[in-house]
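**Q** For reference, the chains in residue letters:
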Amino acid sequence: MSLLSNATALLGKELRTEFRSRELLTTTVVFILVVVVLFSFTFDPGSNESRRFAANLLWIAFLFAASLMLQPCFLREQNNDTLSALRLCVADPFAIFAAKLTANTLFLLLTELLMLPVFSILFNMPVFPVFGQLVLVLFLGSLGVSIVGTALSAISAQARMRELLLPLLLFPLLTPVVVASTYVTVGLLDVAPFMEWKGIGFLAIFDVVFLTALWLFGEYLLEE
Amino acid sequence: MSKRVLLGAAAVLLVIAAAYAAFFVAPEERTMGVLQRIFYFHVSCAWAGLTAFSVGFLGNLLYVWKRREKYDWLGVSCAEVGLVFTTIVLISGPIWAKPAWGIYWTWDARLTSTFILWLLYISYLLLRTLIEEPDRRALLSALFGIFAFIDVPIVFGAIRWWRTQHPAPVIMGGPNSGLAPGMRETFFFAVFAMHILMWFLIAERYSLEKMRGDVELLRQEADAT
Numbered sequence: 001m002s003l004l005s006n007a008t009a010l011l012g013k014e015l016r017t018e019f020r021s022r023e024l025l026t027t028t029v030v031f032i033l034v035v036v037v038l039f040s041f042t043f044d045p046g047s048n049e050s051r052r053f054a055a056n057l058l059w060i061a062f063l064f065a066a067s068l069m070l071q072p073c074f075l076r077e078q079n080n081d082t083l084s085a086l087r088l089c090v091a092d093p094f095a096i097f098a099a100k101l102t103a104n105t106l107f108l109l110l111t112e113l114l115m116l117p118v119f120s121i122l123f124n125m126p127v128f129p130v131f132g133q134l135v136l137v138l139f140l141g142s143l144g145v146s147i148v149g150t151a152l153s154a155i156s157a158q159a160r161m162r163e164l165l166l167p168l169l170l171f172p173l174l175t176p177v178v179v180a181s182t183y184v185t186v187g188l189l190d191v192a193p194f195m196e197w198k199g200i201g202f203l204a205i206f207d208v209v210f211l212t213a214l215w216l217f218g219e220y221l222l223e224e
Numbered sequence: 001m002s003k004r005v006l007l008g009a010a011a012v013l014l015v016i017a018a019a020y021a022a023f024f025v026a027p028e029e030r031t032m033g034v035l036q037r038i039f040y041f042h043v044s045c046a047w048a049g050l051t052a053f054s055v056g057f058l059g060n061l062l063y064v065w066k067r068r069e070k071y072d073w074l075g076v077s078c079a080e081v082g083l084v085f086t087t088i089v090l091i092s093g094p095i096w097a098k099p100a101w102g103i104y105w106t107w108d109a110r111l112t113s114t115f116i117l118w119l120l121y122i123s124y125l126l127l128r129t130l131i132e133e134p135d136r137r138a139l140l141s142a143l144f145g146i147f148a149f150i151d152v153p154i155v156f157g158a159i160r161w162w163r164t165q166h167p168a169p170v171i172m173g174g175p176n177s178g179l180a181p182g183m184r185e186t187f188f189f190a191v192f193a194m195h196i197l198m199w200f201l202i203a204e205r206y207s208l209e210k211m212r213g214d215v216e217l218l219r220q221e222a223d224a225t
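These protein sequence lines are chains A and B, in that order. Residue 40 in my numbering sits at position 40 of the first sequence; the count goes up by one each step and never skips. Residue 152 in my numbering sits at position 152 of the second sequence; the count goes up by one each step and never skips.
Pulled out of the complex, with its shape left as it was, chain B reads as follows:
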């Protein structure tokens, strides 16, 4: 069996196992009840999305530095996959928020900066569709990706002055934060599963982009002869 089939099968099995653990293994939360179980997907997708964007940022930096096509492929693959995970976060958040807060959306720091993050990477992908020449597209979008990634923590800092309604960080959030046993294992298992899924998706997207590059190269060679 090829490596990608193995990775894909592992990703699917792990996500199913994480779903099972989230619904049947993790203990019920005291105040929110069953509603809290969406947290295992919501937060793990958020983490996977941020990991994807961080790897993409590295790809962008490496492209500007080394000018190898493969870093451009990495950058765009990570941006797309990160965007998918961020979209899941933006959808699963309101599903939780409506019963918990009584509203779907609030312009709180974390929600707003996630939204801006999402918009920034949409612009990144849009920019790529609007530049024809491959080398220029790779370079300019890598530079925009770098600016966008630098901007994200500043956006978060700026919007934090507004009243924050999002739950305080549960993981590494201070002395009184933390998860109950059973919840913690489920949570980190879900995070692990989502990262494997993310890895699989990026690998697939990367090979697709590589194929596109190869086709482009072949076409140029055919035109030249």
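This is chain A alone, in the form it adopts within the complex:
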């Protein structure tokens, strides 16, 4: 299995690069904190209403953070002139995408798990009784964001105004993920929590569809 071993090696490279500096994770965590504080000024955080909005805010904050986190994904390779080398050393270009999107999913999930207790305290949301289900939604949602985001950051890295372009391409495409994830999370954080399996199934379908699209068309995204 050359695809799997290539992807694993590249994933190791992505993780090593990040954990040497921890730039991406630190910046994203601080960014989410700033957004959360800003949110608290735009509505009354102590009211009962805030419980209804908290899940939505959670996903908006994560989405904005993701659009920042995905920026350097291919830009870093381009700035260091390492993209051609990467393309040369793997047989299947999908390995590059697989490694990058796995790394992005892991980073996103890690940030979200770090922020969950903070949200729980600041907005008085009991996250721990439904922790397992929350992790499932967060995982499927972050996977969807990373699949589409990794593909699009390969596109935006080759254009002008790339910092602005990526969110512009990303957010409309991610509408289904936002709708489904928020839907499930609102249910889980309800006074009487319930699991919306339809939303979970939907997220899984989205992930599979776009993973397949990336597998089919990914190699063209990296053409010289």
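Hints listed in this document are in silico derivations from the structure and should not be mistaken for laboratory results. Each statement offered as a hint is correct.
Quick list of the computed label-pair ranges, beta carbon to beta carbon: (1) A:Phe171 x B:Ala100: 27 to 33 Å; (2) A:Ser5 x B:Tyr104: 54 to 60 Å; (3) A:Thr82 x B:Thr87: 40 to 46 Å; (4) B:Ala10 x A:Asp81: 52 to 58 Å.
Even glycine gets a Cβ: it sits at the ideal position worked out from N, Cα and C.
Based on the hints, put chain B in the right spot on chain A.
**A** What follows is chain B alone, placed relative to chain A:
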């Protein structure tokens, strides 16, 4: 007379005839009255827009596969023309909705997904302006176009969980749906007219894009000599 003059004249005459039929031939709807007549333009533009985007999607796929410039021209022409029709849909919808529903806009499945569709193709055209090199622009925008087109039905499915206020499909919508005689003929005539107009606009836009490509080629040749 050249083919494009004929096609253009046909498109204009057909749209005028469709307007006449919508206002004077089709029977008055029982509850909505004259207001319902906007339906002939609103729905036919929506269909023409979706046809344009579907043809554009084919163009995008063919470009990625065959790498011929003409498929890139087709893709961008269809996206622009589809965007024009979708804009008409997004404007004529609220004009109808205000008297019928009492509000201009509601975040219902069909409205929201049309809005997202519109945003996606705006992003597509924007992306094209931000990549200089023609081959790269063609390839990357074709790929984004493919992703966007795949996304549209998923967006629609996702937003359908919200309460839907848009009228249920009248055409092919189930046993109790369907149009009264007179309305049906007018409607399908309007759809036909809009598609001819769409075809004409895409053909014009395509030849413009082709000219641009030719000019670019000539300029490169001139630079080389």
